[in-house]
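Student: Letter by letter, the chains look like this.
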Amino acid sequence: MSGDERDQGTTGGSDRGRGGRNDGFDDLLDAIEAGEGYYLRCPNDHGSLPPRRVCPHCGARDLDEHPLPESGTVATHTVVRVPTPQFADDAPYATAVVDFGTVRLTGVVDADPEAVETGMTVGATVGESRTSGERLVRFVPR
Amino acid sequence: MSEVRIAGGGLTRFGRFPDRTGRDLFAEAGLAALDEAGVDPGEIEHLYFGNFMGELAEHQGHMGPQMAEAVGVRAPATRYESACASSGVAVREAVRTVRTGEADVVLVGGAERMTNMGTAGATEGLSIAADDLYEIRAGMTFPAAYALMARAYFEEFGGSAEDLAHVAVKNHEHALPNEHAQFRSSITVEEALDAPRIADPLGLYDSCPITDGASAAVLVSDDYAERAGLDAPVAVTGTGQGGDNLALQDREYFARSPATADAAEEAYADAGIGPGDVDVAEVHDCFTIAEVLAIEALGFYDPGEGIGAARRGETTRHGDLPVNLSGGLKAKGHPVGATGVAQVVSLARLLSGTHPRASDASGARVGLAHNAGGTVASATVHVLEVVA
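First to last, the sequence lines map onto chains C and Y.
Anchor point for the first sequence: position 35 equals 35 in the working numbering, and the numbering is continuous, going up by one each time.
Anchor point for the second sequence: position 87 equals 87 in the working numbering, and the numbering is continuous, going up by one each time.
Check each hint, because a few of them may be wrong.
Some chain C residues close to chain Y (C-beta under 7 Å, calculated; not the full set) [unchecked claim]:
id : residue
1  : P67
2  : P85
3  : T95
What follows is a list of derived Cβ distance ranges for each label pair [claimed, not checked]:
id : chain 1 : residue 1 : chain 2 : residue 2 : range
4  : C       : D64       : Y       : D320      : 45 to 55 Å
5  : Y       : E162      : C       : T73       : 34 to 44 Å
6  : Y       : E179      : C       : D89       : 40 to 50 Å
7  : C       : T73       : Y       : P177      : 40 to 50 Å
8  : Y       : E156      : C       : D89       : 29 to 39 Å
9  : Y       : Q60       : C       : H66       : 38 to 48 Å
Please keep in mind that the hints were generated in silico from the structure rather than gathered at the bench.
Don't be surprised by glycine CBs; every beta carbon is placed ideally from N, CA and C.
For reference, chain C alone in the conformation it holds in the complex:
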């Protein structure tokens, strides 16, 4: 993974008092934001998310970056009505786990929370918490 972007110190990072940028994670959000999302894949075709040195499914250590598919399907979802303080002004909102084939991502669905359904097709993007302004994975219905 390239360190070029993080050297600029202009994107990402957390203001939650926990030490700023998270290499790997913020690199991935940068990439999703630029429309170049990826995930890590091991030789046994298990997907995972960075930073990883070991496949969480089989222990393989040679992980390669592969493009994140443009869309995935909602595997399960809920409407969060009692949020953490970081999402106080966002609630109610739909949180979903989205299946992108060999990898899954968790995020907030940019849709009427009541309208989200299992099997719905969505794409991944990066948005912000309305409450904290912190970046997060958002899903846009396709």
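Starting from the structure of chain C, add chain Y where the hints point.
Tutor: Here is chain Y on its own, set in the frame of chain C:
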């Protein structure tokens, strides 16, 4: 190998005590356990203490020595953290130490102060048991995580919010005579279904409360119990622990708990029993769906069959396998780091006939305690048996 006996137990009342410190909560439970056992604090060779979020709730780390001091114990003292399974893993370490003969007398317990953080603060505190980067920053909360599991369960196996409401109704009813329980009030299925939603399909009555409380137990070797003339009829005969990927999104299934299944398999083999031998169980019902997932992973029900167990009456106090006679986390309350030991103490009392619900477990010889952390990325199972 020594047999591990439960010589005494202690519990605070579980509830809303925002001004009480963790050290005072544990002192009450620890002293009660020592007194019930008839063991002097000077006899204790190690304290195993479970706590999840002392740093967040009261800016306190390094709680092992603090808690030993609070009960007059001067011995090595270690804090164990595995989210909501913190004192379950503490029990496991205590049991292993006594078994190997490294110690004859140990104190195990846990405490959690939570209500001083408020609902939003406690929700945030609990969330650190999940993956911060990929789950919590993405808006997940713990009720939301279990809601994701409940939705997946309904879609894979069927079942409904009404089935879950029966779990809550059962556990509230079980807690009625329990003087340690946070809630001692009956609820109806209709009330549960009409309650505000927390994270669909889970509502207020599907969720355990935010609770302050502490628990403790004195574990001794059978030799020591005999030498000291202790009344300790219940033994821990099996221990098991399982693990899984931390984040829900990395699991193969959302509606199964392999960490619980692995812990159970190990504990059953250790005790030389099977799920069919269990007479009574205390399982980790932080949310109603969690009890369903637990009774399936423990081997009491096939996948997809556990959802109807409470509705059919099979896990009520009149059923064949009463589950959570103490009221469970749902009604007894869930002071996170205290829960695993509280389950063991409750179960020992049920088996020895000293629990207010013991008449609903009369003749029970084998009990099982199941404690889970996070979305069951950690799980412990302990088998307790009447041996004397």
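Student: Taking the CB of C:D64 and the CB of Y:D320, does the distance hold inside 45 to 55 Å?
Tutor: 53 Å, holds
Student: If I claimed the Cβ atoms of C:T73 and Y:P177 lie 40 to 50 Å apart, would that claim hold in this structure?
Tutor: Since C:T73 and Y:P177 have Cβ atoms about 48 Å apart, the given range 40 to 50 Å holds.
Student: Are Y:E156 and C:D89 spaced within 29 to 39 Å by their CB atoms?
Tutor: Given range 29 to 39 Å: holds, Cβ gap about 34 Å.
Student: Does C:P85 pass the interface check with chain Y, least Cβ-Cβ distance below 7 Å?
Tutor: 5 Å, holds
Student: For the range 40 to 50 Å, tell me whether the beta carbons of Y:E179 and C:D89 fit it or not.
Tutor: 41 Å, holds
Student: For the hint on C:T95, just tell me whether its beta-carbon gets within less than 7 Å of chain Y.
Tutor: The hint holds - C:T95 has a Cβ within 7 Å of chain Y, the shortest such distance being about 5 Å.
Student: Mind checking the hinted window 38 to 48 Å against the Cβ distance between Y:Q60 and C:H66?
Tutor: 45 Å, holds
Student: For the pair Y:E162 and C:T73, does the Cβ-Cβ distance stay inside 34 to 44 Å?
Tutor: 28 Å, violated
Student: Given C:P67 was flagged as interface, is its beta-carbon under 7 Å from a beta-carbon of chain Y?
Tutor: Hint violated; C:P67 Cβ to chain Y Cβ min 19 Å, cut 7 Å.
The structure is inconsistent with the numbered hints 1, 5, although it conforms to all the rest.
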